[in-house]
Each structure stands twice: as C-alpha cells, then as structure tokens.
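By my numbering, the letter at position 118 of the sequence shown is numbered 118, and the numbering carries on one by one without gaps.
Hints listed in this document are in silico derivations from the structure and should not be mistaken for laboratory results.
For glycine and all other residues, C-beta sits at the position ideal for the given N, C-alpha and C.
Possibly wrong hints are sitting among the right ones.
[As the list claims (entries may be wrong)] Cross-link-like lysine to any residue pairs, in silico, SDA-like; alpha carbons within 20 Å at most:
1. K126 x A261
2. K97 x P107
3. K155 x G234
4. K380 x G395
[What the hints assert, rightly or not] Derived CB-CB ranges, DEER-like:
5. K424 x K361: 32 to 40 Å
6. Y276 x V102: 27 to 35 Å
7. Q204 x S73: 16 to 24 Å
8. A130 x A420: 42 to 50 Å
9. G124 x A64: 39 to 47 Å
10. D122 x D148: 56 to 64 Å
11. K174 x S311: 20 to 28 Å
12. D170 x T353: 37 to 45 Å
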Amino acid sequence: MASPSPSPSPSSAPSHRPAHRRSLRGRRTVVLTAAVAAAGVGAGVLVMNANAGAVDLYHQVLPAKDGWAASGSGTTGGAKADSAHTFTVSTRAQLVKALGSVTDTTPRIIKIKGTVDANTSDTGKKLTCADYASGTGYSLAAYLKAYDPATYGQKAPAGTQENARKAAADKQKKNIVFRVPANTTLVGVPGTNAGIRGGSLQAQNVKNVIVRNLTFADTQDCFPQWDPTDGSSGEWNSNYDSVTLRGVTNVWADHNTFTDAPTFDSAEKSYFGRKYQVHDGALDITNGSDLVTVERNVFSNHDKTMLIGSSDTDSTGKLRVTIHHNVWKGIVQRAPLARIGQIHLYNNVYDTTTLNGYAPKYSIDSRAKAQVVAEHNAWKLPSGAKAAKLLSGDGTGSIAGSGNLVNGTATDLVATYNAASSKKIKTTVNWKPAFTAGLQTSAKNLVTELGTTTGAGVLS
1 MASPSPSPSP SSAPSHRPAH RRSLRGRRTV VLTAAVAAAG VGAGVLVMNA
51 NAGAVDLYHQ VLPAKDGWAA SGSGTTGGAK ADSAHTFTVS TRAQLVKALG
101 SVTDTTPRII KIKGTVDANT SDTGKKLTCA DYASGTGYSL AAYLKAYDPA
151 TYGQKAPAGT QENARKAAAD KQKKNIVFRV PANTTLVGVP GTNAGIRGGS
201 LQAQNVKNVI VRNLTFADTQ DCFPQWDPTD GSSGEWNSNY DSVTLRGVTN
251 VWADHNTFTD APTFDSAEKS YFGRKYQVHD GALDITNGSD LVTVERNVFS
301 NHDKTMLIGS SDTDSTGKLR VTIHHNVWKG IVQRAPLARI GQIHLYNNVY
351 DTTTLNGYAP KYSIDSRAKA QVVAEHNAWK LPSGAKAAKL LSGDGTGSIA
401 GSGNLVNGTA TDLVATYNAA SSKKIKTTVN WKPAFTAGLQ TSAKNLVTEL
451 GTTTGAGVLS
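Whole structure, please, built from the sequences with the hints as guidance.
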C-alpha cells in the first residue's frame, strides 16, 4: 500500500495566489513570481502580506471579516502544520492515512494531487456496487420484489433484504467516507484536476477546517433505501453528501466545485413510481454547526444541494453561515434550505436554466424561523420562468436584504414570492451582518465576473 508522502517544507513548497481574491480583502500584498521546481509542480505565485510575510496557497488562512467563519478564533486550518504533518496524496489509501485519527488535533496540511477515487481498495483496485454487495445477499431485483408496495404494503422495509442492503451499504460507507480531524487544511494542487470522485468528506464535532480548490464529483450511494412513508408517494433515500459538516465550528469552504457528473439523475430509472435517487446533498451544514463561510464555489448538476439545519429543532444560537460569490447552475433546490440560523447570502449568481435534466424548483428556502439576509445576488431566468418561484418557505422564516437582480432588473424577491404564496416569508431579521469582506453593492457584473473566478482550478 502506498503511503502519503511528506511534502517539502513551507519554504520550498508550491505557492500560489488567487489574484482576484486578494483585491477583495483589503490586504496589502506584493506579488512575486517564483519557480518552485523542488515541489514538482512548476511555477507559482506568492502572496506577501505586509504583516505576515510570504504565504503560499497551502498555508493561507481565512482573511479577517470574511464571513461567519472569521468570527471567534477565526479559521486557520492546518496552517501551523510541521513537515511531518504535511502530506501530498493521490490515492484513497494515502488520503485515509494522511487524515489519521479523527481525535488527533495536530495541525495538518493535505495536498490532493489529481483525482482521488473513493471507490478503490487499499491496493488501488477499482470497486463497484457489485463488489460492495458481494457476500451480503443483497440484490436490487430481490429488494424490489420483497418491498413492492402492491404486495408488501406501505410499512417501512424490514427483514432479509433490508438487512442485506444495510450490510452492503456499510461496506461502501467504510470505503468512501473520509473523516476530517480538527485543524486540517485540504487543498487541491493547482494544475492537477484535484478532487475526490465518489467520496464523502465528513467533519463531525471538530473545529477549524479548510477545504479549497477541489472538485467533488458523483458522490453516489449504491444502495438507496425505499421509504414508503416519505411523502404521499414514498421516496428512495440515499446517504453521503460530498461534504458533510455536523456539529463543526469555524469551517472555510472555498473555490471548490460540486457536481453529480458524470452520473446525472436523469439517467436513473424509477421504481415504485419514484426516481431511484443515488445522490444526497452537495454541502450540508447541520447538527448545530456554526461559523461557516462558503465562498467562490460552483454548484452544478445537483438536486438537494445545501441543507443548513438538520431539523426544525436544530441548535438555536448556532448555524451561522455566510455564503458569498458562489455560482449555482443546474440546481433543483436547496441553494440553500435554511433552518433556525443566521445566514448571509451575498454576491451569488443563480442560473435557473434547466441543465442535464436538472430543472430548478426554487433557490432559497427559509423555514423554522431562519434569519436570512440575501443581498446583491443575481439570478438568470430562462424565458417563461417566474421570479415568484425563486424562494420557498414554511411561513416562519425570514429573508431580508436588497439589491437583488433578476435578469438584470432590481427585484423584491420576497414581495414577489409573497404575492403568489399563502405561506408568507417574513421580511425582518433580528441581526445585522458584520463579517462582509468583499461585499459588492452592485450585482450587475457578477454573472461575468464569477464565470471565471469561482470553482476548483482557479487558484493557481
């Protein structure tokens, strides 16, 4: 089994600067171009902070005032990692070893070079759903026969095939879930198409995590569960978000790309009259998570994209999240769905054109007394689409804010929604955003600007 290789010391490590980002920070910088042949990835760019010296991509921390994650102790990830806890990984086995124990809080930096395929064995063998099912007795055909509502009824599945499904699911879970300890930075190495395919990065009850410059693709559950009690017609439910944050504090997710590609939902069959859903969330923030900044990511080709708050009774006083300068395209819903917390959305772009079969239902849902401020965002609506369908809610949530554009025209989104809905969204909130680095008070150029400055592969 290959081991993750310790990376060069910070003085010789590859270093990079996202030029467009630093212009938003109000930081004094000097740009230096440097060859870093010792790192094996060619030339890079250094950021010279007038107060902190040279900072390469892997040691960068969340700038001051950059969203809720800048609150409290701030978010530094593994910036203090020593050479023994700085790794470059290219395989699943290497990534698992570099992450180490979830209880080990030693600062660490993990550089992901190329695409890590989560569905591989420790020796690098490609694994399929059939491999996970092997030896468990599970088969989809047998499962469908056992729990057909026409003969089994509307009760929850139980018995031999459900037990076999759980056993197969457990085998997949052990392989594709990566647990992130506190004080960790995960960054994709520029120029290598860095990312994780088919895996689920999970941070639970930890603090101080940074995730940047990675593509999360096709996080797929081989063994969805049939639940006939979900809604009026039942649903197929899957596990595994691409990134899951549960009970975390101070997390920065920046310049990542989230997509179902190449396995789009439209390719899946329907059973019992419902779509066989193999994808769950893209980036979910739940179970009392707090102080999270999500910026300059691309979310595309996905259904249930971002959930904030696991239930209507999630932790009051937490779930403080900033979401800014992201692009959402081909997103069906939950961009985000917000419960309870104080959520600030600014300078995002929403393209609601149907993409690869992903037909948008709504963008932002405020419920369970969520306090959302949405300002200076831009929506692109196709011909015939209605602005009244951009929002959703249960009648208890709030959305405040101004400066939002729909096809370039200033639009009061809440008033437009409320005029067409019986469940009114409230327009006042009990807080005022204070962490607003880079906020642009005009959204008119966002569609063009964010088209080239968001997502994985931009930091170079």
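Taking the hints in turn, this is what the structure says about them:
1. K126 x A261: holds, 18 Å
2. K97 x P107: holds, 15 Å
3. K155 x G234: Between K155 and G234 the Cα gap is close to 10 Å, so the pair holds against 20 Å.
4. K380 x G395: violated, 26 Å
5. K424 x K361: 32 to 40 Å: Violated, since K424 and K361 (Cβ atoms, about 19 Å apart) do not stay within the stated range.
6. Y276 x V102: 27 to 35 Å: holds, 32 Å
7. Q204 x S73: 16 to 24 Å: holds, 19 Å
8. A130 x A420: 42 to 50 Å: The hinted range 42 to 50 Å holds for A130 and A420, with Cβ atoms some 48 Å apart.
9. G124 x A64: 39 to 47 Å: Because 43 Å falls inside the window, the suggested range holds.
10. D122 x D148: 56 to 64 Å: violated, 38 Å
11. K174 x S311: 20 to 28 Å: holds, 27 Å
12. D170 x T353: 37 to 45 Å: holds, 39 Å
The structure fails to meet hints 4, 5 and 10 from the earlier list, while all remaining hints are met.
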